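Engineer: The residues making up each chain are set out below.
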Amino acid sequence: MEKLNFSCKLGVLSRPDGSAMFCEGDLKISSFLGETIVIAGLYGPVEVKMQKVLIDKASVECSYRPKSGLPGVEDRLYESLIRNICETSLMAALYPRSAVLITLQEMHNNGQLISCAINAACLACLDSGIDMKFMFGSVTCFLTKQEELCLKPPINEKDIKAFFVFVFDNTKGRILASHTKGSFSKEQYEEALHLSREESKNVFIFFKKSMHTND
Amino acid sequence: MSSVRKTIVSNCEKKFLIKNLSEWTRLDGRAFDEFRKIDIEFGKDWGCCSVSLGKTRVLAQVSCEIQEPKSSRPSEGILNINIELNTIAAPHFESGRQSELSVQLNRLLEKCLKDSKAVDLESLCIKMKEKVWALRVDVNVLNHEGNILDCASVAALAALAHFRRPDVTCDGEEFIIHGYQQRDPIPTVIHHYPLCVTYSIFSGGHYEHREKYHLKIDFSDYIVADPTLLEEGVADAFLSIGLNAYKELCGLHLGGKAELTPDVILNTANKAAMRAGIVAQLIKDSVEEDSVKRQEKLELGFHKTIDNEKVVESIEELSLCLDQWTSKRKKNKKKKKQTKIFEENTIKMEAPRTESNLVAEIESIGKGSAALVPNDNRDNSEVWQASESEDDDDVMIVEQPKQVVDLLDIADSGSEEEAVIVLNSEKKSKKKKKKVKTEY
Chain A
1 MEKLNFSCKL
11 GVLSRPDGSA
21 MFCEGDLKIS
31 SFLGETIVIA
41 GLYGPVEVKM
51 QKVLIDKASV
61 ECSYRPKSGL
71 PGVEDRLYES
81 LIRNICETSL
91 MAALYPRSAV
101 LITLQEMHNN
111 GQLISCAINA
121 ACLACLDSGI
131 DMKFMFGSVT
141 CFLTKQEELC
151 LKPPINEKDI
161 KAFFVFVFDN
171 TKGRILASHT
181 KGSFSKEQYE
191 EALHLSREES
201 KNVFIFFKKS
211 MHTND
Chain B
1 MSSVRKTIVS
11 NCEKKFLIKN
21 LSEWTRLDGR
31 AFDEFRKIDI
41 EFGKDWGCCS
51 VSLGKTRVLA
61 QVSCEIQEPK
71 SSRPSEGILN
81 INIELNTIAA
91 PHFESGRQSE
101 LSVQLNRLLE
111 KCLKDSKAVD
121 LESLCIKMKE
131 KVWALRVDVN
141 VLNHEGNILD
151 CASVAALAAL
161 AHFRRPDVTC
171 DGEEFIIHGY
181 QQRDPIPTVI
191 HHYPLCVTYS
201 IFSGGHYEHR
211 EKYHLKIDFS
221 DYIVADPTLL
231 EEGVADAFLS
241 IGLNAYKELC
251 GLHLGGKAEL
261 TPDVILNTAN
271 KAAMRAGIVA
281 QLIKDSVEED
291 SVKRQEKLEL
301 GFHKTIDNEK
311 VVESIEELSL
321 CLDQWTSKRK
331 KNKKKKKQTK
341 IFEENTIKME
351 APRTESNLVA
361 EIESIGKGSA
371 ALVPNDNRDN
381 SEVWQASESE
391 DDDDVMIVEQ
401 PKQVVDLLDI
411 ADSGSEEEAV
421 IVLNSEKKSK
431 KKKKKVKTEY
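Which chain is which? The protein sequence lines are A and B, in order. Here the first sequence stands for residues 1 to 215, where the numbers follow UniProt numbering. Here the second sequence stands for residues 1 to 440, where the numbers follow UniProt numbering.
Note that these hints are calculated values from the structure, not bench results. Keep in mind that a hint or two might mislead.
Using 27 angstroms as the maximum straight-line C-alpha spacing, the simulated BS3-like pairs for lysine-lysine come out as follows [unchecked claim]:
(1) 3(A) to 131(B)
(2) 114(B) to 129(B)
(3) 67(A) to 297(B)
(4) 44(B) to 161(A)
(5) 44(B) to 67(A)
(6) 284(B) to 67(A)
(7) 129(B) to 111(B)
(8) 158(A) to 297(B)
Far from chain A by the CB rule (all over 10 angstroms, computed), these chain B residues [as the list claims (entries may be wrong)]:
(9) 39
(10) 45
(11) 48
(12) 68
(13) 164
(14) 192
(15) 252
(16) 262
(17) 264
Where chain B lies over chain A, by a calculated footprint (3+ residues, C-beta under 8 angstroms) [to be verified]:
(18) 13 to 20
(19) 67 to 79
(20) 105 to 117
Being a predicted model, the structure only gives us computed values, none of them experimental. C-beta atoms are modelled at their ideal positions from N, C-alpha and C, and glycine is treated no differently.
All chains should be modelled from the sequences, with the hints used to inform the complete structure.
Structural biologist: Below, the structure is given as structure tokens:
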């Protein structure tokens, strides 16, 4: 199975407490096969607005910006997905009556935008040094029209029959979130899950490596 | 706009900054008419560009769609500019909600790009009264470290210059939009390159500040180019000038309160014109460079920057000057252990800046304090001066008790401010002095 290439840069922005530019995909090959790039920034814990105060934990807010146009329904869906993941992984109970703001900005999209955004969010959390229960990493798996599963997006977008986004934690490899689009059989889902779980190990290895080199 | 999470500028900072300005220095060591470094990067998509001005960073993306033209202008395309202040740029920004700042920035940018007719809208017409291209420029602010407007105007213009729209053909009835693979896309026609150049004005010092802060310095208006976040917060007013490379004015905005004479505005506009010319050329060059890269099928996109700099300094350079101060303090501590402090009127200090050989002179003023007088005539009389009352030493002159020639490296972090001081006893220092003298 082909491996994904990752690269990242931590602390790309000076204002947020933690920021990361995460890049996933084919970095070497010519301009047809591209990569997906997302910038993530995290502020937290910061002052919270009155209507969002939670007395027992920090309120996690997430906003996702597409590169062009106004954010639509789909973008809101990604937002809530990422917010839920961050809520479970951050030690929100340590910061009552405060807020954690996570902002994601699409830089370039080549298919695996959601998983890339989630990984960028995790790196931003790590960069900011906020308390976390575990790391989270995400993998997108594509099902092509030829009923093949692959981790890299096919060159032609029309070849995609379905795609799966899985998010795992790094301690026990549990599933934190699963997002699918398109039609597929149960076996295909399970196979995709298995593939993604294996690949997620590489993601975590990359996270650890990048925290090491960026220090 | 809500004041939640807003960064507050303290009185201390205000006072310090104004006092610095009165001594002709800025916190980051720039001259008053010096701008921060501009960096333009293009993404893989057409019309995608990320510009950083110092640490301020902005992402612009141009998109296009076919629309019906406005009835008042049936043969013209439509250009929309939208600036978005994201939470990522500053915690008090709210994305998706209009604030006073975002409306102002949007309007200024529109004035500069749209009202100056920089983009040829008639070439965007497909069919009169029926179909025209509508271009939309989305400017996303990623990091707010002051002067968003200049950065956004460069980004928007560079993105427009970089953008290509798909070709459209018409066979009588039907319009066919050809994809990027089928036919070569068409670049946007840009008549001229108008850019915003922003200055901060520190005035009101005549009356308000002097009384408030008990400063004994005569204030005149300090006009500072490309203000940082702190300078923006302290400044009394800002002057934004929209100009193109031909010195044609495309917009002028004075926000805040300042007493400016026409002469001052004209002078500033002249300086801004120089700047606009340089930046316009920079945009043209980088667009050209990008198209050459595309032809040669070289690597493109933002990820390049990641690969090039594997090891990242997360806090690149703090304010330049502040850095120097801390490093000097450290240096002092180190030297105090081994050496005695002595006074001498002048000692030549050579700071080999890899490229520009900057030679500086140290003058001691009173006990334990000294002034570093740079000999490069960059900004004439604007020099650092330590007042006599200051106890904390900025630069120290040190002597080895025994005759040992000692090379001390006070380089901090290996950035530009690398300096090697040659410290000698008197005998040897004379020899060294001669050497130094012969060098310039």
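Engineer: Closer than 8 angstroms, Cβ to Cβ, for at least three residues: run that test on the segment 105 to 117 of chain A against chain B and report holds or violated.
Structural biologist: The restraint on the segment 105 to 117 of chain A holds, since 3 of its residues have a Cβ under 8 angstroms from chain B and three suffice.
Engineer: Take the C-alpha atoms of residue 67(A) and residue 297(B), compute the straight-line distance between them, and say whether it is at most 27 angstroms.
Structural biologist: With a Cα-Cα distance of about 24 angstroms, the restraint between residue 67(A) and residue 297(B) holds, given a limit of 27 angstroms.
Engineer: Need the status of pair residue 284(B), residue 67(A): alpha-carbon distance at most 27 angstroms?
Structural biologist: holds (23 angstroms)
Engineer: Need the status of pair residue 44(B), residue 161(A): alpha-carbon distance at most 27 angstroms?
Structural biologist: Cα-Cα ~25 angstroms, so holds.
Engineer: Is the nearest CB of chain A more than 10 angstroms from the CB of residue 252(B)?
Structural biologist: Holds, because the least Cβ-Cβ distance between residue 252(B) and chain A comes to about 29 angstroms, which exceeds 10 angstroms.
Engineer: Assess, step by step, whether the Cα of residue 114(B) is no farther than 27 angstroms from the Cα of residue 129(B), and give holds or violated.
Structural biologist: The hint holds at about 21 angstroms.
Engineer: Taking 8 angstroms as the Cβ threshold, is the statement that the segment 13 to 20 of chain A is covered by chain B upheld or broken by the three-residue rule?
Structural biologist: Answer holds; 5 residues pass the 8 angstroms Cβ test.
Engineer: Within 27 angstroms, alpha carbon to alpha carbon, are residue 3(A) and residue 131(B)?
Structural biologist: violated (46 angstroms)
Engineer: Minimum C-beta separation from residue 68(B) to chain A exceeding 10 angstroms: can you confirm that?
Structural biologist: Residue 68(B) is indeed farther than 10 angstroms from all Cβ atoms of chain A, at 19 angstroms.
Engineer: Holds or violated: are the alpha carbons of residue 129(B) and residue 111(B) at most 27 angstroms from each other?
Structural biologist: holds (25 angstroms)
Engineer: Looking at residue 262(B) again, its CB stays over 10 angstroms from all of chain A?
Structural biologist: Its Cβ never comes within 10 angstroms of chain A, the nearest being 37 angstroms, so this holds.
Engineer: Using Cβ atoms and 10 angstroms as the threshold, tell me whether residue 45(B) really stays out of contact range of chain A.
Structural biologist: Residue 45(B) is in fact no farther than 10 angstroms from some Cβ atom of chain A, at 7 angstroms.
Violated hints, in rising order: 1, 10 and 11; the structure is consistent with all others.
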